[in-house]
Amino acid sequence: MKSFRCFLSFLQMIKQHCSSVYFKLQRVKLPIALRLLSALFPRHCPVCAKPVPYGTLIHAECQTVLPFIFGPTCLRCGKPVSSSAQEYCYDCRTFPKSFQKGLSLFLYNKETRPIMSAFKYHNNRRLADFFIWELFFQQYSQNYFHIYSKRYSHSHSRIYAAIESLGIDAVIPVPIHKNKYKKRGYNQAELLSRRIALIFNLSHYPDMLIRSVDTLPQKQFTPQARLNNLKKAFRFNSRYDNLVQTNASLSVLLVDDIYTSGATMEACTRILLSAGIPNVCVLSICIGMARD
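Here the UniProt record's numbering is used: position 222 in the sequence shown is 222, and no number is missing along the way.
Please note that a few of the clues may not be correct.
What the hints assert, rightly or not - Listed below are the simulated DSSO-like cross-link pairs for lysine-lysine, each with C-alpha atoms no more than 30 Å apart in a straight line:
(1) LYS178 / LYS232
(2) LYS231 / LYS120
(3) LYS182 / LYS110
(4) LYS101 / LYS232
(5) LYS101 / LYS50
(6) LYS232 / LYS120
(7) LYS180 / LYS231
(8) LYS180 / LYS101
(9) LYS178 / LYS101
(10) LYS110 / LYS180
(11) LYS110 / LYS120
Unchecked claim - Pairwise CB distance ranges (calculated):
(12) SER249 / SER82: 32 to 42 Å
(13) LEU243 / GLU164: 14 to 24 Å
(14) ALA49 / GLY276: 37 to 47 Å
(15) GLN245 / GLN63: 43 to 53 Å
(16) PRO53 / GLN245: 46 to 56 Å
(17) GLU61 / GLY276: 44 to 54 Å
(18) LYS231 / ALA60: 22 to 32 Å
Hints are computed from structural coordinates only; laboratory data are not their basis. In this text, a Cβ means the ideal position worked out from N, Cα and C, and glycines have one as well.
Based on the sequences and whatever the hints tell you, model everything.
This is the structure we're talking about:
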């Protein structure tokens with residue numbers, strides 16, 4: 001009985017780390033091993049939670065309910081706006097942002113909220129591959145195992161083309177506090193930023209920003225209060241001082257899972273700018289709707 005429990009614990013450990021295993025196997029291209037892992041630990045659709053066929057990440061019918069961002073968006077943060085005549089959203093007009101450009105994949109609403117919760121709080125790390133696939137490659141291949149191969153390294157999805165045009169040099173995740181990291185075991189933003197850096201062959205600096213204060217939840221504050229709450233929450237890692245000093249034109253992509261008021265991205269951007277990095281762009285998976 002004890003041996004059986006140990007075996008179950010071993011399987012659970014493998015399951016928890018399978019996202020990392022998938023990621024490494026994709027990189028070295030081992031399709032047989034990937035098929036074996038898919039059989040042992042099948043992926044589930046992020047919308048309906050039912051198993052999906054090998055090589056896919058979402059059912060075709062579930063794909064249609066996802067709120068992709070199309071049409072006019074705020075020229076600064078990327079929030080959807082009512083018309084192209086409205087260049088900037090209410091938040092960016094009222095609280096001007098310091099970053100150069102914002103990009104997002106989905107609208108943050110009732111369809112995406114459960115998916116983001118599973119990714120952020122419930123150890124569903126595999127969703128990182130799903131988000132990357134949707135960001136850059138969904139329209140070019142139905143097999144997600146292709147996304148780390150050179151065959152699809154020059155596709156031109158909206159966000160892919162935007163990132164290439166921005167002249168990004170490095171990718172940085174929004175950090176989480178060490179207490180949250182110990183509790184979760186991972187930083188969801190880093191799962192995304194690491195993959196993005198690999199796809200675009202960019203430098204990845206997961207610890208350039210450090211979350212030094214574990215602040216109160218942001219949802220209870222107004223936009224300005226959220227920014228005030230985060231003023232001392234982040235700091236620049238001094239080990240990167242020389243890198244910044246020797247790269248005067250460094251341009252970075254700051255990555256997070258969700259963008260609502262923009263307070264977190266703005267606080268991190270200000271730290272990076274004050275450290276000497278002249279250009280900061282931001283990317284999130286989900287973003288809130290702009291206020292009129």
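We went through each hint and held it up to the structure:
1. LYS178 / LYS232: Within the cut-off at roughly 15 Å; holds.
2. LYS231 / LYS120: holds, 23 Å
3. LYS182 / LYS110: Holds - the C-alpha atoms of LYS110 and LYS182 are around 29 Å apart, at most 30 Å.
4. LYS101 / LYS232: Measuring from Cα to Cα gives roughly 23 Å; hence the hint holds.
5. LYS101 / LYS50: The given pair, whose Cα atoms are some 36 Å apart, is violated under the 30 Å limit.
6. LYS232 / LYS120: Roughly 23 Å between the alpha carbons, so the hint for LYS232 and LYS120 holds.
7. LYS180 / LYS231: holds, 19 Å
8. LYS180 / LYS101: Distance of about 28 Å is within 30 Å: holds.
9. LYS178 / LYS101: holds, 29 Å
10. LYS110 / LYS180: holds, 25 Å
11. LYS110 / LYS120: holds, 16 Å
12. SER249 / SER82: 32 to 42 Å: holds, 36 Å
13. LEU243 / GLU164: 14 to 24 Å: holds, 23 Å
14. ALA49 / GLY276: 37 to 47 Å: Holds, at about 46 Å.
15. GLN245 / GLN63: 43 to 53 Å: 46 Å Cβ-Cβ, so the 43 to 53 Å window holds.
16. PRO53 / GLN245: 46 to 56 Å: holds, 51 Å
17. GLU61 / GLY276: 44 to 54 Å: holds, 49 Å
18. LYS231 / ALA60: 22 to 32 Å: Violated, at about 46 Å.
Hints 5 and 18 from the earlier list are contradicted by this structure; the remaining hints agree with it.
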